[in-house]
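**Student:** Start from the sequences and build out the full structure, keeping to the hints where you can.
Protein chains: 2
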Amino acid sequence: MQIRKKKRGQLIVLSGPSGVGKSTVIAELLSQRRDIYFSVSFTTRRPRTGEADGVNYNFVDRMEFERMITDGELLEHAEYVGNYYGTSLKIIQEKLEAGIDVLLDIEVRGAAEVHEKCPEAVLIFIIPPSFEELSRRLHRRNTDSEDVIAGRLRKAREEYRQIPGYDYLVVNDKVSEAALEIISILCAEDCRTKNRIHLVDGI
Amino acid sequence: MQIRKKKRGQLIVLSGPSGVGKSTVIAELLSQRRDIYFSVSFTTRRPRTGEADGVNYNFVDRMEFERMITDGELLEHAEYVGNYYGTSLKIIQEKLEAGIDVLLDIEVRGAAEVHEKCPEAVLIFIIPPSFEELSRRLHRRNTDSEDVIAGRLRKAREEYRQIPGYDYLVVNDKVSEAALEIISILCAEDCRTKNRIHLVDGI
Chain A
1 MQIRKKKRGQ LIVLSGPSGV GKSTVIAELL SQRRDIYFSV SFTTRRPRTG
51 EADGVNYNFV DRMEFERMIT DGELLEHAEY VGNYYGTSLK IIQEKLEAGI
101 DVLLDIEVRG AAEVHEKCPE AVLIFIIPPS FEELSRRLHR RNTDSEDVIA
151 GRLRKAREEY RQIPGYDYLV VNDKVSEAAL EIISILCAED CRTKNRIHLV
201 DGI
Chain Z
1 MQIRKKKRGQ LIVLSGPSGV GKSTVIAELL SQRRDIYFSV SFTTRRPRTG
51 EADGVNYNFV DRMEFERMIT DGELLEHAEY VGNYYGTSLK IIQEKLEAGI
101 DVLLDIEVRG AAEVHEKCPE AVLIFIIPPS FEELSRRLHR RNTDSEDVIA
151 GRLRKAREEY RQIPGYDYLV VNDKVSEAAL EIISILCAED CRTKNRIHLV
201 DGI
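In the order they appear, the protein sequences are chains A and Z.
Mapping to the numbering used here: the first sequence position 54 is 54, numbers consecutive.
Mapping to the numbering used here: the second sequence position 72 is 72, numbers consecutive.
Hints in this document: simulated from the structure, not taken from any laboratory.
No copy is singled out in the list; a pair is fine if it fits within one copy or between any two copies.
In silico EDC-like links for lysine to aspartate or glutamate, alpha-carbon gap of 20 Å or less:
hint : residue 1 : residue 2
1    : Lys194    : Glu158
2    : Lys155    : Glu79
3    : Lys194    : Asp167
4    : Lys174    : Asp201
5    : Lys194    : Glu120
6    : Lys90     : Asp61
7    : Lys174    : Asp190
8    : Lys22     : Glu132
9    : Lys22     : Asp201
**Tutor:** Take a look at the structure:
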């Protein structure tokens, strides 16, 4: 419908601690909102078994990544355990200008960088129902040693300190409910007066 | 569920021009969100045929209304075509403190007064898809003369000037969609970090 058409897409940033179930929530969200463009990050880390280029990440070498930094092609980037991770500015701008909502899955430092550069971005942080539950989920994955899990929980506590900088807080107790809350947030953001004032024809 | 429990109810203010179909949208909203308390206004105007005391309005006489003003019992009030209209502060406070969301259907001046006294209130303005459509809806109701309709449209244009003071703008094209948007807005407001920060246990 013409009258509902948005002028510009919405930039959505999703963060949350390792083990919270973010990928599952994102998959559920994207299955219900197929119009959202999920931004695939660039990284210099090697693909793990089962990971595909362009799906999980865009895998590039260090020289190419550093060229992207130099040429200002990245909206945000960070170095993490010796590898670069970053988000392409160009692709995102194209989508937003075409009126398409763009979803980024990035950690707290990258989110802060995006927020600084795009103050209109919507920042959502996903937490587990409790810290014990996060620990249970990390153990249940059965992929990490106790030391690694302890490290992830320590990191989660650090990340939690950045929560006040996020607009919304979603508790991932049930995946379907968490996805529904995010869908509601995106709908509400579309309804914000500043995003719809062009629909008012009587002034 | 304990973890989702809100500390305090949300105050929701709904405004919109005469003829936009606000009552129908509210009825649909309340049928889906039975936990919301719809605040019935007090008025000194006489009940119209079919109107019931305590349902459409709480009908009181002028002396009682003025006593309520003097005793500070009203959150907002206005005089309109010789009659008083107002919202009870006490009932609303009780509901909000009990964690119940409260919905007010009030016009733009009253909404501004509520916003001043309760800055945390969520203000939603409902518009028709177009001004011509508003005119068509007012004619279709078949209750008003051409003069009265012209007056309502003039008033709508005045009310539209206050839209930038509202948080959200909902277009009532289809009632079910407008109600769904309001439900999404209320869900999103519940998800705001400031309303949920008490759920974070790891900091």
